[in-house]
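> Each protein sequence line maps, in turn, to chains E and R.
Taking the working numbering, the leading residue of the first sequence gets 1, the next gets one more, and so forth.
Taking the working numbering, the leading residue of the second sequence gets 1001, the next gets one more, and so forth.
Some hints here could point you the wrong way.
[Claimed, not checked] Subject to a maximum C-alpha distance of 30 Å in a straight line, what follows is the list of computed DSS-like cross-link-like pairs (lysine-lysine):
#	chain 1	residue 1	chain 2	residue 2
1	R	K1068	E	K11
2	R	K1114	E	K21
3	R	K1245	E	K88
4	E	K21	R	K1216
5	E	K4	R	K1420
6	R	K1114	E	K64
7	E	K32	R	K1420
8	E	K88	R	K1064
9	E	K21	R	K1420
10	R	K1216	E	K84
11	R	K1067	E	K11
12	R	K1066	E	K88
13	R	K1420	E	K88
14	E	K88	R	K1114
15	R	K1420	E	K84
16	R	K1413	E	K11
17	R	K1114	E	K37
18	R	K1041	E	K21
19	R	K1066	E	K84
20	E	K11	R	K1245
21	E	K11	R	K1066
22	R	K1245	R	K1216
Keep in mind that the hints were calculated from the coordinates and are not lab data.
Next come the chains, spelled out residue by residue.
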Amino acid sequence: MVEKKLVIRNKLGLHARAAVKFVNLANRFSSKVKIIKNSAEIDGKSILGILTLAATQHSTITLKISGRDEKDAFKALTGLINDKFEEKE
Amino acid sequence: MEFVRLRGIAVSPGVAMGRVRVTEPLVFSAQRESIPPVRVKAERARLEQAVRRTRRQLSLLRSKIKKKAGQDHAFIFDAHLMILEDHTLRSNLDRIIATEKVKAEWALCQVNAKYRRIFESLDDDAFRQRQLDVYDVLAKIYRNLKQKREAIAAGGKKILVAHDLLPSEAAGRLSRGNVLGVALDMGGPTSHVAILARSLNIPTVVGLHDVTGQVKNGDTLILDGTDGEVIINPPPAVQREFESKKQRYDNYRLELHRLAKMPSLTLDRVRFTPMANIELPEEIAMAQSLGAEGVGLFRSEFLYLQSASLPDEDDHYRVYSQLARSAYPAPVCIRTIDIGGEKALPQLKIEQERNPALGLRAIRLCLKNRDMFRIQLRAILRASFLRNIQLLVPMITEIEEVGEVKLLFEEIKTELRAEKVRFDENIPLGVMIEVPAAAALTDLLVKEVDFLSIGTNDLIQYCLAVDRSNEFVAYLYKPLHPSVLRLVKFIIETAVQAGRRVTVCGEMAADPLSALILLGFGLREFSMNPIFIPRIKRMLRAVEFRTVRRIVAQAMDLRTAQEVEEFVTEKILARYPHAFLKGGAE
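Sequences and hints are given; from them, build the entire structure.
Structure, rendered in structure tokens:
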């Protein structure tokens, strides 16, 4: 299992557009993807789960991934978050 | 005969008249209907079928909207499709049917209530609003549970009246091509419906409060998306009035679009460039639809005037990069802050001046407040990586100022290179010629910069020593004053000879007669409020440069503004009787 705390950096946070990108990417891997914010833990492959986290800019989330391709999934998903979901700001 | 007029917010221009179709809001029945245990499997299959139908509809809508309104509007369907496939949501539905032994309708209702509670507990408004998307998807499934498909409303084109439209509903209904206009109780100018209606050219009035309460299916409605007026069951006389209004508007729009697409060439095929003076990045689309081939003047003042504190680098960058992207590949000329004098800036605590027009303003203010100026220059450079941004410095009085700006600019470039920030190494630097002293130095200034922009409003004020807002002397403010014309002619000819670009971005560029004279001087770039582009473009397309140049050259020997005006008008009309015709586009 890999686990890491990350800060949401893009201006709009993990909003609908970003969530769609995240889920699409997460679905490419067989590993289980969990996102934890405060005390809530949600399935990272569920758009509704992600939206109900209301992860705004500067909020800290923990990404927890386990499974056969966890390393690749981790690299791809942290990359997306740190790349501000390919958003300009 | 009685008829009702309602006033709302005009959000998408145009006039429409037609029969009303009232759209009922989607509602869930709150009825809990039990089913026998043996029916559970069949009920889940019924839900599954409704989900399949919904998926098909959403995919269809997505491709349709993508084609008609662009990828950005289609995005909402990606999100909705994903919500539809969300396995937490789906397993919730299945579980409720199986454990509570209820109909799928009730399960949808329960799940909707659950998500509404969750989303309503969120602190962030943007996230709270996402409950509408969940509702939207669940309501679609709900409708698809009914075996009988709602007959596609017959009877041709209608005016759509509704309390409000959900984003996906709006996209679906507006893209079918059978909506003449839209009238809503709710909504504002920046709502999704408004933006979509504008991009699809559907006249729309929102914020009518209770239009749904006042009309029924089949009523006749006149809808004016330009004035924000809605008239219910108008008598024939009013109908006829609106028919002609609609006709005029439609002709006008057609004419504008036709003209915007035509090449900007004079009769003897000399190319000119109409450009836009704007203040907000959002204005670019409208400017381009009117024929603007770039932004000749972006006024950056609004950035400073809209908030109590000074904007930071990212505030600037966001606006400039949006500008660059929206206009790309067309050029955007950003003028650094032109403030001080009459437009005070409370954040800087500028002292009241006895004579603000001659005081600490524009570049003078910037060179005094270098930290503020650096922030703006850095943001402009950072936004320049698409290579379509130009930098324009206002109110230059002496060569030394250009030197200081260039020094500062180079310093910032070095900084950015060290930070490995991408920017346009060849970003053009230009200055505004507004002060007669700068005008007289044109031959020297052109050697220092890449282009010139003539701000005729200030140049005329300083040249004639006239404050046009002072009613006692305003009569002296004359753009065609021979002295103004000599000055402008000298600037344009000197720039052209030196192989430098020169633009006029004052009101002279938007005035038909003045624009002709500028063309005669050799000007090719005319930047103005975009609404004037059609009339200037039409006029310049109707004349020959050669002839205009000859007439204007003769006019330079005249003694007064009035003589110039009469002479040029008469000569032009003799040669081109239709040059000043206003036509449909006015």
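> Which constraints among the numbered hints does this structure fail? Numbers only, ascending.
Hints 3, 4, 7, 10, 14, 18, 20 contradicted; others consistent.
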